[in-house]
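Undergrad: The residues making up each chain are set out below.
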Amino acid sequence: MLIGKAPEFKSSDITPREKFLNRRNLIFGGLAAAGTAYEWHKKMPPLYTPSVEASSKLNTVPGKFPPVSDAITPAGKATSYNNFYEFGTDKGDPKANAGKLRVRPWTIKIEGLCNNPKTVDIDALLKFKPLEDRTYRFRCVEAWSMIIPWVGYPLAELIKFADPKPQAKFVEFTSLADRSQMELPGGFDWPYKEGLRMDEAMHPLALLTFGSYGQTLENQQGAPVRVIVPWKYGFKSAKSIVKIRFTDKQPETTWNDMASNEYGFYSNVNPTHNHPRWSQAHERRIDTSVFPKTIATLPFNGYGNEVASLYNGMDLNRYF
Amino acid sequence: MSNRTIRILKVLVFLAALVPVAGIIWQFQTNNLGADPVNTLTHETGNWTVYMLLASLAVTPFRRLSPKLAWLIRFRRMLGLWAFFWATLHFLTYVLLFSGFDLPGAFTALRAGDLHTIVADWKAVWPTMVEDIQKRRFIQVGMLAYVILLALAVTSPQWMLRKMGGKSWQTLHRTVYGAAVLGIIHYWWLVKKGNHAPMKDTVVLAVLLLARPATKWLQEWLAERRKLAAA
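Line by line, the protein sequences give chains A and B. Heads up: the first sequence begins at 1 in our numbering, then just goes up one per residue. Heads up: the second sequence begins at 1001 in our numbering, then just goes up one per residue.
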């Protein structure tokens, strides 16, 4: 009789989860170490070290940019109200569904018009430069905003490491698209793609982001690594990045492809250029208050002093 | 079904319809309306408007399934008025919260007797709403749907029906189909492309609208058969 047959191993034989994970880390760590030791001849630390678990504390140094004076959005709100369509289109979906995302092992492929194309490991990337605390305004194209303390270092550092060729004019970011970990709703041409002009990507405000609130990013925020481009609408800041490509042509980007009249390639925060379906002059600031206050939206999300010169002579209503 | 049973059922349906109201009040009290309560309230009140509208539109097709279900008609007005109730909350959420009007601030000012602040705040948000109505088609269709529901609610009492006369009353109240279709269009036009959240409501509305000619055809077909059988 099949039912009730004793198992062929005792429950005490089962490898404890921690040990199993350690063993896997050893294997992957060994493989990665071999790979990276072979490839690595630049500044990055040579060893894959499985030190960073999900949602662990990050060691940071104070950022070079002064924090904004507004009240910081509580972490609970910033990590429960997200647009991450790979996990579903409702703003509660990412938190509900992103638990399936596996953030280790994780690599980023650097390719295209650069002298140093590489596949870099997330943990090497984490240690590449000191992690800074940067508190930025975050403005969603849907007219709400938050104040979020991010952790990361300038994207420019990674770009310098990749050493783009002179003809590289744009940077394209590709996010993970894996049906075994994500919902990937229909109607979109996955994977999610975003892009920046080279000078935008090199701007010191553009942050290669690994954490928020002093911890590693929650999965629903785009763990383990994303960019934050604070003077642009949130969708420009690609999440869970697996590939960075240098190109001489303006890359095709997901939302621009979906509705080019609504979401421009630049998508700089601009209170005078309304979304066809709603005003961009105001935003609901999600902070500690129960009802978000509506406040005026600032040009370039308040970073005009730093970034306006990137767009000198450009008609920002045409190149919205 | 006896009048007494219907009266009891009406009370029960009314109490059931109060549950989502209580739910939202409870969420508000316990600070559980999410990170963006204005957005949550706007969506919830909009959703329940559509649900109640769909429920009221479901009465006729169900009633036609069998003569024994004729009593269902006695619930239609109540469901329609619930739709109007939610639509009003939806409209007020837009005017008093979504517009950027500082409602908590207005309450504080009101308690302090400071009407000036309230007027100033109102003047600040008014142009945004005017612009919305002038420029944004999803607002326009939403407003139009609300005006229809308002007209239907005002003319819903029995004495209004008598005053207007059955024919013109019925003509007016057929615009409810328009309100429902506009409501669904309003929903599709406000979500981002690729977001198929309005699909379920759209399918239900389509089924309810198609059920009308379908049930009519079925009744005619059955009558024809009966006639043939009798002959």
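A few of these clues could be false.
Unchecked claim - Below, in silico cross-link-like pairs of lysine-lysine (DSSO-like), each with a Cα-Cα straight-line distance of 30 Å or less: (1) B:K1193 x A:K100; (2) A:K77 x B:K1163; (3) B:K1068 x A:K293; (4) B:K1227 x A:K293.
To be verified - Chain B side only, calculated, beta carbon under 7 Å to chain A, not exhaustive: (5) A1035; (6) D1036; (7) P1037; (8) G1100; (9) P1104; (10) T1108; (11) L1110; (12) Q1134; (13) R1136; (14) K1193.
Claimed, not checked - Label-pair restraints from in silico Cβ distances: (15) B:N1032 x A:K249: 25 to 35 Å; (16) B:N1031 x A:P62: 40 to 50 Å; (17) B:V1203 x A:K249: 37 to 47 Å.
Read the hints as simulated data drawn from the structure, not as lab findings. Remember, predicted model here, so these are calculated numbers, not experimental data. A virtual CB, placed ideally from N, CA and C, is assigned to each residue, including glycine.
Undergrad: Quick one, is the B:P1104 hint okay against chain A at 7 Å, beta carbons?
TA: 6 Å, holds
Undergrad: Honestly, do B:N1031 and A:P62 meet the 40 to 50 Å range at C-beta?
TA: Given about 32 Å between the Cβ atoms, the range is violated.
Undergrad: Any CB of chain A closer than 7 Å to the CB of B:L1110?
TA: Given a least distance of 16 Å, the restraint on B:L1110 is violated.
Undergrad: I want to verify a distance hint. Is the separation of the beta carbons of B:V1203 and A:K249 within 37 to 47 Å?
TA: Since the Cβ atoms of B:V1203 and A:K249 sit about 41 Å apart, the hinted range of 37 to 47 Å holds.
Undergrad: Should the hint that B:K1193 touches chain A count as held when the rule is a Cβ pair under 7 Å?
TA: For B:K1193, the interface hint holds, since the closest Cβ of chain A sits about 5 Å away, which is under 7 Å.
Undergrad: Looking only at beta-carbon atoms, does the pair B:N1032, A:K249 fall within the given range of 25 to 35 Å?
TA: 48 Å, violated
Undergrad: So, B:R1136 near chain A? Judge it on the closest CB pair being under 7 Å.
TA: 6 Å, holds
Undergrad: Within 30 Å, alpha carbon to alpha carbon, are B:K1193 and A:K100?
TA: Status holds; Cα separation ~25 Å.
Undergrad: Against the 30 Å threshold, does the CA-CA distance of B:K1068 and A:K293 hold or violate the hint?
TA: 54 Å, violated
Undergrad: For the hint on B:A1035, just tell me whether its beta-carbon gets within less than 7 Å of chain A.
TA: 4 Å, holds
Undergrad: Are the Cα atoms of A:K77 and B:K1163 separated by 30 Å or less?
TA: Outside the cut-off at roughly 54 Å; violated.
Undergrad: Return the status of the interface hint for B:T1108: holds when the least beta-carbon distance to chain A is below 7 Å, violated otherwise.
TA: Status violated, d = 12 Å.
In terms of the numbered hints stated before, the structure departs from hints 2, 3, 4, 10, 11, 12, 15 and 16, listed from lowest to highest.
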